[in-house]
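Q: Put together the whole structure using the sequences plus the hints.
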Amino acid sequence: MLVLTRRSGESIVIGGEIVVTVLEVRSDQVRLGIDAPKSVRVHREEVVRQVEAENAAAAASARRATDLLGKRRTPPRPDQGGPVQPVRKPGHDTAG
Amino acid sequence: MTPSEPDDVHPDAAGDHVITFPDAIPGFPEAHHFVLSDLDEAGTFQLLTSVEIPGLEMVVCVPWSFFPDYAPEIDDEVQRDLRLERVEDAIVFCSVTVEPDEEALYLNLLGPFVVNAGTRIGRQVVQPDMGLQVRASVPVGS
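So the sequences go chain by chain: A and B. Per my numbering, the first sequence runs over residues 9 to 104. Per my numbering, the second sequence runs over residues 53 to 194.
Derived from the structure by calculation, the hints contain no laboratory data. All values derive from a computational prediction rather than experimental measurement. Note that the Cβ used here is the ideal one computed from N, Cα and C, for glycine as well. One or more of the hints may lead you astray.
[Claimed, not checked] Pairwise CB distance ranges, derived in the manner of DEER restraints:
hint, chain 1, residue 1, chain 2, residue 2, range
1, A, R14, B, T96, 49 to 57 Å
2, B, D153, A, E32, 45 to 53 Å
3, A, V21, B, P106, 38 to 46 Å
4, B, E151, A, T13, 42 to 50 Å
5, B, A94, A, G17, 56 to 64 Å
6, A, H51, B, R138, 19 to 27 Å
7, B, P74, A, I26, 14 to 22 Å
8, B, E93, A, R52, 37 to 45 Å
9, A, L31, B, D121, 31 to 39 Å
10, B, W116, A, M9, 35 to 43 Å
11, A, D75, B, D128, 37 to 45 Å
[What the hints assert, rightly or not] Straight-line alpha carbon distances no greater than 16 Å define the calculated EDC-like cross-link-like pairs of lysine to aspartate or glutamate that follow:
hint, chain 1, residue 1, chain 2, residue 2
12, A, K46, B, D75
13, A, K46, A, E25
14, A, K46, B, D127
15, A, K46, B, D133
16, A, K46, B, D128
17, A, K46, B, E129
A: Have a look at this one:
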């Protein structure tokens, strides 16, 4: 990690285009201003981590959620072209 | 295709909807393409299945089914990025998580997926600080 020391009112430039400015320094908080192209997304880090973790949790619970909420995944529809593929259906019957 | 084909949902089958996330999704940087398929007959829940990553899938749903006042921010930059002429052109859905031993579903209102209905290009839009929950609970049975 690159570590720089800045005072209130000073800035750093990232990638030539992104400017981070220290607006105000308090004992336990720093207020930062970010100037960046609109295509660059800026978020609080913990929020991004929360979304990452929840994507993983949703993926991990997909089987539970599918069992709870829906019919079991259906086999390929008969109107699809090509050979019929074997389908993993543990204990499944056609009553679905 | 061989009998060892791992998926029983075929991403390129006619009628399936392939969604493209050019920037993938947080936590899964290689997951750029997904199939969205219905999960229940009422159409309340869908299954978002990764094309690139075998076994990666999640249940999703339209958040207004359970949170009618949900108002995620889809700002000018997202609209421009996804070429949304109107916000109404967007399909919005949120991931659903189920924890074992709990009678509740959790919707990720902090990171809705926003997809242009016409181009099927979208992204997961991390929300600004508005108090939206990454796990908003919905009791099962509601």
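Q: When you check the alpha-carbon spacing of A/K46 and B/D128, does it fall within 16 Å?
A: Status holds; Cα separation ~9 Å.
Q: Cβ-Cβ distance between A/L31 and B/D121: within 31 to 39 Å?
A: Between A/L31 and B/D121, where Cβ atoms are some 33 Å apart, the hint holds.
Q: I want to verify a distance hint. Is the separation of the beta carbons of A/D75 and B/D128 within 37 to 45 Å?
A: With Cβ atoms ~41 Å apart, the hint holds.
Q: Hey, A/K46 versus B/D133, does the alpha-carbon distance stay inside 16 Å?
A: 10 Å, holds
Q: Quick check on a hinted range of 42 to 50 Å for B/E151 and A/T13, using CB atoms only.
A: Distance hint for B/E151, A/T13 holds at roughly 44 Å.
Q: CB of A/V21 to CB of B/P106, is that within 38 to 46 Å?
A: For B/P106 against A/V21, whose Cβ atoms are near 42 Å apart, the range 38 to 46 Å holds.
Q: Does the structure keep A/K46 and A/E25 at a Cα separation of 16 Å or less?
A: 11 Å, holds
Q: Hinted pair, alpha-carbon criterion (16 Å max): A/K46, B/E129. Please report holds or violated.
A: Given pair A/K46, B/E129 holds - Cα atoms ~6 Å apart, limit 16 Å.
Q: Decide if the proposed pair is consistent with the structure: A/K46 and B/D75, CA atoms, cutoff 16 Å inclusive.
A: The hint holds at about 15 Å.
Q: Is it true that B/P74 and A/I26 lie within 14 to 22 Å of each other by Cβ?
A: At roughly 20 Å between Cβ atoms, A/I26 and B/P74 fall inside 14 to 22 Å, so the hint holds.
Q: Is the gap between the beta carbons of B/W116 and A/M9 within 35 to 43 Å?
A: Roughly 41 Å apart at Cβ, these two residues keep to the hinted range, so it holds.
Q: Between B/E93 and A/R52, does the beta-carbon spacing fit 37 to 45 Å?
A: 40 Å, holds
Violation of the numbered hints given earlier is absent; every hint is satisfied by the structure.
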